[in-house]
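S.K.: The chain contents come next:
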Amino acid sequence: MATKDSVLGSERRYEMIQQVGRIVTGKYVVTAVLTALVLYFTFPVYWTFVSSIKTLDAIHAFPPNIVPEQLIAPVWQNYADLWFQRAFNMFTLNSLVVAVVTTVLVVSFGTLAGYGFSRFRFPYDDYVFIGILGARLLPPIGMLVPFYRLFSIGDLIDTRLALIMVYTYMNLPLVIWLMRNYFVSIPADLDEAAYIDGATRFQTFKDIILPLAKPGVAACAILTFLFSWREFLFAFVLTFTDASKTIPVGAMMMIEDVVILWNYLAAAGFIAMLPALVFVVLFQRHIVSGLTAGAIKG
Amino acid sequence: MASKGSTESLREGFGLFSGEETGDVGPVREWINDKFMFIVLTPPLLLLGTIVILPTSYLVWTSTHITNQYSPDEFIGLQNFLQVLQDPMFYLSLQHSVLYVLGSVSIAFVLGLTAALAINQVVSKRVRSTFTVLILLAWAVPLVVTGLIWRFMLHADYGIVNGLLTQLGLISENLGFITDPTLAFVSVVIVDAWARAPFAAILLLAGLQTIPEDLYEAANVDGANFLHQFRDITIPHLKPQAAIALLIMSMFAFRTFSVVFAMTGGGPANATRVLATYIYQVGINQSRLGYASALSIVMIVITMIFVTIYVLQVQEDALETA
Chain A
1 MATKDSVLGS ERRYEMIQQV GRIVTGKYVV TAVLTALVLY FTFPVYWTFV SSIKTLDAIH
61 AFPPNIVPEQ LIAPVWQNYA DLWFQRAFNM FTLNSLVVAV VTTVLVVSFG TLAGYGFSRF
121 RFPYDDYVFI GILGARLLPP IGMLVPFYRL FSIGDLIDTR LALIMVYTYM NLPLVIWLMR
181 NYFVSIPADL DEAAYIDGAT RFQTFKDIIL PLAKPGVAAC AILTFLFSWR EFLFAFVLTF
241 TDASKTIPVG AMMMIEDVVI LWNYLAAAGF IAMLPALVFV VLFQRHIVSG LTAGAIKG
Chain B
299 MASKGSTESL REGFGLFSGE ETGDVGPVRE WINDKFMFIV LTPPLLLLGT IVILPTSYLV
359 WTSTHITNQY SPDEFIGLQN FLQVLQDPMF YLSLQHSVLY VLGSVSIAFV LGLTAALAIN
419 QVVSKRVRST FTVLILLAWA VPLVVTGLIW RFMLHADYGI VNGLLTQLGL ISENLGFITD
479 PTLAFVSVVI VDAWARAPFA AILLLAGLQT IPEDLYEAAN VDGANFLHQF RDITIPHLKP
539 QAAIALLIMS MFAFRTFSVV FAMTGGGPAN ATRVLATYIY QVGINQSRLG YASALSIVMI
599 VITMIFVTIY VLQVQEDALE TA
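Here the protein sequences come in this chain order: A and B. For the first sequence, counting from 1, position 217 maps to 217 in the numbering used here; every step adds exactly one. Numbers in the numbering used here are just positions in the second sequence, counted from 1, shifted up by 298.
Take the hints with a grain of salt, since some may be wrong.
[What the hints assert, rightly or not] To be clear about the criterion: a stretch of chain B counts as covered by chain A if any three or more of its residues have a C-beta under 8 angstroms from a C-beta of chain A, and this derived list gives those stretches:
| # | segment |
| --- | --- |
| 1 | 401-413 |
| 2 | 487-500 |
[Said to hold, decoys possible] The calculated lysine to aspartate or glutamate pairs, modelled on EDC-like cross-linking and capped at a C-alpha distance of 20 angstroms, are:
| # | chain 1 | residue 1 | chain 2 | residue 2 |
| --- | --- | --- | --- | --- |
| 3 | A | Lys-206 | A | Glu-192 |
| 4 | B | Lys-537 | B | Glu-511 |
| 5 | B | Lys-333 | A | Glu-192 |
| 6 | A | Lys-27 | B | Glu-511 |
No lab work stands behind these hints, which were simulated from the structure alone. Glycine is no exception: its CB is placed at the ideal position from the N, C-alpha and C atoms.
So here's chain B without its partners, still in its complex pose (with noise of 0.2 angstroms):
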C-alpha cells in the first residue's frame, strides 16, 4: 500500500489512547472500554466472513466436481474449466456480454453526461433537484420491471413504440424489437442504458459541481464559447469521474442478468444470450451446477481485473484522501 498520510494518523492518533484516563468505570465497562475495537469489528467482520468465505469456498468446490442429482459428486479436476474453455455457447454468450457493455454504458454515458451538463446549467436549486428526481426516477425502477415493462412497450402488435413511429409515419409496418434477432440485441442494450443512465448523470453531475466556476468566468472573459470551454476545462477536469463512472458502470452492466431475463430471455435463437442468463440457464434450468460453478469463477476472474483497476484507481485515492 501506497502511504495513506493523514487517514493513517488520523486513525492511529485514536488507537493510541491506553484507556487509563477514563477513572472508575467498573469491570465490565473497562472490558468494553479496552476491547471497544474487537467489539465493534468482530461481529460484522464474521457475519460478512460466513456469508462471503462459504459460499466462495463452496463454488470452488462445485466447480471441481460434477453434480448430479441421483449420484453423489464426482471429483473430475479442472475438467469442468477445460469444458468452458471449448464451449462455443460461452464465447457466444462472452462475446455478447462484450458487446452489451460497450453499447449500454456508452449511451448511457453520452446520455448521462448531456443531462448531468444541461442540470448544472439551471441556475435555481429547486428546478435543479426537481429535474435531478425526474432523471432518477428511471433508476428507481427496478431492473426486472424495466425489462418487463419496455417488453410490453416494445411489442410488435400493440407496443406504444410501434404505435407511435406509425404516428409519425416513420414505419410503416410495425417492427418486432424483440422478436428480431439483430433488434432484439439492439432494444435490450437501449433498455440497459435507459435504466444506466441516471446513475450516470448522478456521478457526472457530481463531478461537475467540483469545477470552480471562476475558470468558465476567466474563459468567458477571454471570449472562449461553449465548446472551447466544453474542451478545455469541463472534459480535463471531469476526467477522474468520468473514468470511475465508466468503470462502475461497465462492472455492472457486465454483470447484467434481470433486463435481459426479463425482455427476451436470452432470445430468440440465444440472440441476446449474455454470460449471467447463460449461468442461469446451466444451473438453474439445467441444473448442471458444477459446469455453472465453472462458469461463475471465470466470470468472476474477468469482472476481477475491473475489480483490481478500479481499487487500485479509486481507493488508494479514497484512502488517502477521504
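Bound conformation, chain A alone (with noise of 0.2 angstroms):
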C-alpha cells in the first residue's frame, strides 16, 4: 500500500503509481469483474436453453460441450412434447391465470389501502401497519400447515382458488407498504388543492393522484405478477391434478421418474423462467425501484 510516508519521500512518484493505479482499477479490473461476475450469473441461464435443445443422448454425453452443435440444429421436440404430452399447455394457463388475478386484486387492494395509509389518521394505525409488515415478514412457510388443512375442511385443496388466496396473503402486506411509501412521495398539497377547487375525495384520488403514483402501481405490479408465476411450495403442496399444477411444479415433476429427463425439465425449466427474463430486460427500472424501496424502506 501506498501511504503517506512514501509521499514524502517522492511527490512525482507517488503521483505516477496513483495514476497507474486509478487506470488499473477504473478500468481493466471493473471489465474483468463484471465480465466474470456476468458470466457466473447468466451461464445457468444460457445452460437451461442450450440443454432444453437437446435429446437426452446428447445430455449424457461426457465432457459436454460449452458451444454444442444444438445451438445451430435445435431439437425443439422438448419444448412439443411438455406442451402437448405433458400437460404444459394446462400448466400454462394455470400459471398465467393465478398470476394475473393475483395481481389485479393485490393491486387494486393496495393502492386503494396504501392511499388510505398515506392520508389518514385512525386509532392505532400505526400498530395496523407494522402489524401488515409483520405479516409480510414472517415465513410463508410457516403457514403451510393451516392454509394446507383450510382449504381441506373448505373443499378448495387443488383449485386455482386456493393459490389466488396464498398468493395474495404473501403479496397484498408488500404492496400496501409500497404503495403507501409511494403515496407519502405526493404531496398531500395536491389532495388539499384539488379538494378546495370543489373535486371529491374520490376525484381526488382517481384523477389526481393515481395517474401520479403510475410508476409504483407499474413496480408492484411487477412485482407481484413474477412473485405469484414463481412461487413454488404451495403450488406444490396445494394442488395435485394437471387441472390447477402451475408451471414451476410441472418442472419439479420431472424429477420424480426413475430416469430424470433432464432435456424435458430444462424446457420447463426455461418456460418458467422466460416471463422473468422478459420482464427483468423490458422493466428493468421498475423492478429496481420496486426491490429497493421495498427492502430498504420496507
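With the hints as a guide, dock the two chains, each given alone in a separate frame, to form the complex.
M.R.: Below, the structure is given as C-alpha cells:
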C-alpha cells in the first residue's frame, strides 16, 4: 500500500503510482470483475436453454461442450412434448390465470390501502401498519399447515382459487407498504388543492393522485406477477391434478421419474423463467425501484 | 412510537378537512366523500385480516392438538412444543438453517458488493443498466428452477461443472456435488448465494449511489488511494443499507425451501435438511399437522427476532423520512 510516508519521499513517483493504479482499477479490473460476474450469473440461464434444445443422449455426453452443435440445429421436440403430452398447456394457463388474478387483486386493494395509510389517521393506525409489515416478513412455510388444512376442510384444495388466496396473503402486505410510501412521496398539498377546487375525495384520488402514482403501481404489478409466477412451495402442496398445477410444479415433476428427463426439465425450467427474463429486460428500472424501496423502506 | 415528524403532520393535514367545502354533490357522493377513509381502507384490511388472522389462529389451534386422519383432533396442550425441544432432528435442522444463512448470506453479500462496486464504476448509463439486467437475470429465475438446473449442472456423471473442472485439469475424478454429504451442503449454500447475490447487488448499488461524488473527488485531491477511499468513505456511508440488506437476506435465507428441496430434498442422509424442509416433511409427508404447526410456531418466533430488529431499525426511519 502506498502510504503517506512514501509521499514525503517522492511526490512525483507517488502521483505516477496513483495514476497507474487509477487506470488499472478504473478500467481493466472493473471490466474483468464485471465480465466474470456476468458469466457466473448468466451461465445457468444459458445452460438451461442449451439443454432444453438437446436430446437426452446429447445431455448424457461427457464432458459436455459449452457451445454445443444443437445451437445450430436445435431440437424443439422437448417443448412440443411438454406442451402436448405433459399438460404444459394446462400448467401455463394455470400459472397465467393465478398470476394475473392475484396481481389485479393485490394491486387494486394494495393501492387503495396504501392511499388510505398515506393520507388518513385513525386510532392505532401505526400498529395496524406494523402488523401488516409483520405479516409480510414472516416465513410463508409457517403458514403451510393451516392453509393446507383449511383449504382441505373448505374443499378448496387443488383449485386455482386456493393459490390465488395464498399469493394474495404473501403479496398484499408488500404492495400496501410500497404504495403507501409512494403516495407519501406525492405532496398532500395536491390533494388539498384539488379538494378546495371542488373535487370530491374520490375524484382527487382517481384523477390527480393515481396518475402520479403510476410508476409505483407498475412496480407493484410487476413484482406481484413475478412472485406469483415463480412461487413453488404452496403450488406444490396445494395442487395435485393437472387442472391446477403451475409451471414450477410441472418442472419439479420431471424429477420424480426413475430416470430424470433432464432435457424436458431444462425446457420446463426455461418456460418457467421466460416471463421473468422478459420482464427483467423490459422493466428493469421498475423492478429495481420496487425491490430497493421494498427492502430499504420496508 | 417515536415522533414521526413530517409524516404525521402531512397525514393529519389532509385529515383535518371537514368535507364542507365540496358544495352540493348529492347524498351518495357526499357519503363517499365523508367516509372515504373507511371506503379505501376497509376492503383491503378485511381481506388481509381474513387471510392472515384465520390461518394464524388455526396454526395456534393445531399446534395444541394431535391431528390424525382417522380420529378426531385431540387437545394435548403444549406437548407438541415440549416434543420439539426434545427432538434431535429439530436441532439438527436448526443448526443447518443457521449455517445455511451464515454461508449463503455472506457469500451473496460479498458477490453482491463486488458487483455493486464494479457497476458503480461504470460511467455510461446504458452500459450500467445492461450489466444490472444481466446480473438481475439470476434473480429472475424461479428458485425451484435454480435448484433443479444447478442439480443438473452439478451432476456427478455428466454435469457441466465436473466437465469444466476436468477440462481445466483441476480434478481427475468427477465429484459427487449432490451425493457427498459435506459437498452437498456446500453446493446448496453456494447455489442459494447465486440466487441471492443479485438482490444484494441491487440494494448495495442503491446505497452506493446515495454517497456524494465530491467526497471521492476531495479524497482524490488529498491523494487517498482506492482502499483508503473504500475504508473511509464507502464503508461508513454504506453501513445502513448494508445492515438492512444483511437483515432481509438473512430472513429470506432462513425460510428457504425451494432451492434445497429441488437440489437434494434434504438428503443425502439429512445433510442438507433445514427447518423449512423438516416442517414440510413432518406436516405433508408424515401428516403430523399438529407437530408441524408447533415447529412452524417455533420457526416464526425465531424469525420474529429478526423482524423486530428490522421493524425497529428500518420502519421507524421510513415512517419518519418517507
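S.K.: If a hint holds in the structure, say so; if it doesn't, say that too.
M.R.: Cross-check of the supplied hints:
1. Check result for the segment 401-413 of chain B against chain A: holds, 3 residues qualifying (beta carbon to beta carbon below 8 angstroms, three or more required).
2. As drawn, the segment 487-500 of chain B meets chain A at 5 residues by the rule of a beta-carbon pair under 8 angstroms; at three or more, the given contact holds.
3. At most 20 angstroms may separate the alpha-carbon atoms for a hinted pair to count; Lys-206 of chain A and Glu-192 of chain A meet this at roughly 14 angstroms.
4. Between Lys-537 of chain B and Glu-511 of chain B the CA atoms are separated by roughly 17 angstroms; this keeps the pair inside 20 angstroms, and the hint holds.
5. The straight-line distance between the Cα atoms of Lys-333 of chain B and Glu-192 of chain A is roughly 17 angstroms, inside the 20 angstroms bound, and the hint therefore holds.
6. Taking the CA atoms of Lys-27 of chain A and Glu-511 of chain B, the gap is about 18 angstroms. The hint holds against a cut of 20 angstroms.
No hint from the list above goes unmet by this structure.
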